[in-house]
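Asks: Each chain is listed here by its residues.
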Amino acid sequence: DSGVTQTPKHLITATGQRVTLRCSPRSGDLSVYWYQQSLDQGLQFLIQYYNGEERAKGNILERFSAQQFPDLHSELNLSSLELGDSALYFCASSVWDRANNEQFFGPGTRLTVL
Amino acid sequence: AQTVTQSQPEMSVQEAETVTLSCTYDTSENNYYLFWYKQPPSRQMILVIRQEAYKQQNATENRFSVNFQKAAKSFSLKISDSQLGDTAMYFCAFMTATGTASKLTFGTGTRLQVTL
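Going down the list, the protein sequences come from chains A and B. Throughout the first sequence, residue numbering follows our numbering, covering 1 to 114 in sequence. Throughout the second sequence, residue numbering follows our numbering, covering 1 to 116 in sequence.
Hint data in this document are derived by calculation from the structure and do not stem from the laboratory. In this text, a Cβ means the ideal position worked out from N, Cα and C, and glycines have one as well. Among the hints, a few may not be true.
As the list claims (entries may be wrong) - In silico lysine to any residue, SDA-like type, Cα no more than 20 Å apart, as pairs:
(1) A:Lys9 x A:Glu102
(2) B:Lys73 x B:Glu52
(3) B:Lys70 x B:Asp26
(4) A:Lys57 x B:Thr24
(5) A:Lys57 x B:Tyr32
(6) A:Lys9 x B:Ile46
(7) B:Lys55 x A:Lys57
(8) B:Lys73 x B:Thr96
(9) B:Lys78 x B:Thr5
(10) A:Lys9 x B:Tyr32
(11) A:Lys9 x B:Pro40
(12) B:Lys78 x B:Arg111
(13) B:Lys73 x B:Thr24
(14) A:Lys57 x B:Ala101
(15) B:Lys70 x B:Thr105
(16) A:Lys57 x B:Thr3
(17) A:Lys9 x B:Gln44
Claimed, not checked - Far from chain B by the CB rule (all over 12 Å, computed), these chain A residues:
(18) Ile12
(19) Ala14
(20) Thr20
(21) Ser24
(22) Gly28
(23) His73
(24) Leu88
(25) Thr112
Excised from the complex, chain B in its bound form (with noise of 0.2 Å):
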């Protein structure tokens, strides 16, 4: 079974300043998919980034990129020029590319706290 851990359960940033969440994965697939989700107040789910395993290029969406070490199992994201509207919490999620099944496994979560 894959396992997920966030060891970071709190993080605070200053606006405009650069945070990195780490994520740490266990599995013994060679092909899967990793995600990172937002969860902001309204607990709304929401998309941040994803990455293919296959992919040696790490995923970049704007301010979010990820560094993906694959040998390491970890797969940290770094948001740049942090702003107010970042606070939530993050989740890293893992998805098994085999199968028809396709569920996520999720760790327990980065609560991020953006300061002026």
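This is chain A alone, in the form it adopts within the complex (with noise of 0.2 Å):
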């Protein structure tokens, strides 16, 4: 157990609809990355956030959007869902934001979308 929980753990939804990822990040972590595992595109990574603040973005589309709240969870929202948007979705912590510091990842959320 790496101490990161993500809800829920399986979510499945239709097209066009729109969805919420929760994650808690480990006791004293500050920082929040979110990836997403697909059988296409493999595992990439999404946004991060530290303390509030988003610090880096990657190939992130339009219609997904995250945020990280003052009690330091993240929530990772996806509208107007697509069948591709069909993946894991792992949510990982560190304690800061640099690097030399080792992420560690939630148990992840599987979304299918029909």
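Each of the two chains sits in its own frame; use the hints to bring them together as a complex.
Replies: What follows is the structure in structure tokens.
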């Protein structure tokens, strides 16, 4: 158990819908990362937050957005869902925002878009 | 942009034997970090080993060791005394050491099967 929690574990929804994925980082970690793992794109970095502020953006679609709240938990919002958004979404956390610190991964949320 | 290449989609090894997984990367940076992550059937991402580019000594963690060749931009993982529990997808990953962003860039993975 990494100490990072993600809810829900599984999510099944229809095209065009909107969902919210939630992540609670390890106690004391200020940085949160979101990654997408899909069959055709592999593991891709989406976005990073540090202490409530956006730090880096990857190949995140405009339909996707994220935020980190004052209690440090983070939410990833996915809207206008398409079949291709079906994937495993990981949240990871680390102590601070720079390199030289391990990222601890949560168990992931499996999103299925029908 | 950094890229990470894992040229072996699948590998198989017998229990107690040794196997080496390959990884190459491309970067213009001098300081960076390299990682191997394991993803068993449970899908949990587990850090196996890490290497700082400024360190010449190869990292080791129990049965896991790396062969880091900075000039060749190569970072292979050696698993000794393979165990059935080592069966998993293995991802090589790169992290830049500059700035405040610390995203991981992953390779496509190698599926390792440990057999009896």
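Asks: Checking the smallest CB distance to chain B, is Gly28 (chain A) really beyond 12 Å?
Replies: Holds, because the least Cβ-Cβ distance between Gly28 (chain A) and chain B comes to about 17 Å, which exceeds 12 Å.
Asks: Is the nearest Cβ of chain B still more than 12 Å from the Cβ of His73 (chain A)?
Replies: 19 Å, holds
Asks: When you look at the beta carbon of Leu88 (chain A), is every beta carbon of chain B farther off than 12 Å?
Replies: 6 Å, violated
Asks: Check the hint pairing Lys9 (chain A) with Glu102 (chain A) against an upper bound of 20 Å on the C-alpha distance.
Replies: 23 Å, violated
Asks: Does Lys70 (chain B) pair with Asp26 (chain B) here, judged by a C-alpha cut-off of 20 Å?
Replies: 10 Å, holds
Asks: Between Lys9 (chain A) and Gln44 (chain B), does the CA-CA distance stay at or below 20 Å?
Replies: 12 Å, holds
Asks: Can we confirm that no CB of chain B comes within 12 Å of the CB of Ile12 (chain A)?
Replies: 17 Å, holds
Asks: For the pair we were handed, Lys57 (chain A) and Tyr32 (chain B), check the Cα-Cα distance against 20 Å.
Replies: 19 Å, holds
Asks: For the pair supplied as a hint, Lys57 (chain A) and Thr24 (chain B), is the alpha-carbon distance within the 20 Å limit?
Replies: Violated - the C-alpha atoms of Thr24 (chain B) and Lys57 (chain A) are around 24 Å apart, more than 20 Å.
Asks: Would you assess whether Thr20 (chain A), listed as outside the interface, keeps its beta-carbon beyond 12 Å of every beta-carbon in chain B?
Replies: 21 Å, holds
Asks: Has the given pair, Lys73 (chain B) with Thr96 (chain B), been kept, meaning a C-alpha gap of at most 20 Å?
Replies: 14 Å, holds
Asks: Would you mind confirming whether the straight-line C-alpha gap from Lys73 (chain B) to Thr24 (chain B) stays at or under 20 Å?
Replies: 6 Å, holds
Checked against the numbered hints listed earlier, the structure breaks hints 1, 4, 7, 10 and 24; every other hint is satisfied.
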